[in-house]
Amino acid sequence: MDLKIEGRIALVTGGSKGIGLAVAEGLAREGVRLVVSARGAEALEAAAEDLRRHGGEVHAVVADVSTARGVRSLLDAARERVGPPDVLVSNAGGPPPGRPSALDDGAWAKGFELTLMSAVRLARGVVGSMRERGWGRIVNVTSLSVRQPVLDLTLSNAFRSGVTAFARTLANEVAGEGVTVNNVAPGYTATARLEELFSDDYARARLLATIPAKRFATPDEVAAAAVFLCSQGAAYVTGQTILVDGGVVGSVT
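Positions 110 to 362 (our numbering) are the ones given, in order, by the sequence shown.
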């Protein structure tokens, strides 16, 4: 399927593993010029080497998007190496788990910077040039917790919901200028993050029992939705949150 984005410039954060890497692979197959970022240099360079096997242009930039300085340096590097991004896939790692009564101010502050402000700063840093060119795609990778909060993921519940509201508001601002802003909300996906949160067999079995599809998602399945939202064919889809959750969320809206 030709998504008509060959030659576009895409920035993917959290691109060294899991869902972020799967999104980068999907975009690479479409002939997109890629900038991928993550905090760990070794894993990032290994991911970039794998992505280059698709034959396209791939630039790896080590960056910590939980800080304003890290976002600025990443965006500067992307522009210097390949140009202003046409596509942004914002995929910061999830904040630590914890119940509401157990989280102190420091945990809340770190979660705010990592999960909400990374998405805000990245979008703010690219949307101006997208508007000037009359074309752009911003996709945030969030979580099913924006529709159905998860008990032990308080910070994710709160700040990913903030990302959802921010994206909806920004989408309205730029909808008439060829720029779309959407979210992909994965359900329980077979990644290192899932292993961290549900480390024993009993916990995973209980979790699987709550999923109508009776299995975890693969990163590629989540990435397929994100890559479509980056395409020309998704030009009339904006301000939306697309669940990829195997039927977990029971809402009809």
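Incorrect hints may appear among the rest.
Stated by the list, open to error - Subject to a maximum C-alpha distance of 25 angstroms in a straight line, what follows is the list of computed SDA-like cross-link-like pairs (lysine to any residue): (1) Lys126 to Ser210; (2) Lys126 to Gly165; (3) Lys219 to Arg256; (4) Lys323 to Thr347; (5) Lys219 to Leu262; (6) Lys323 to Val346.
Hints are computed from structural coordinates only; laboratory data are not their basis.
- Message: Let me make sure I understand: some of the numbered hints might not hold for this structure. Which ones are they, in numerical order?
- Response: When the structure is compared with the hints, numbers 1, 4, 6 turn out to be violated.
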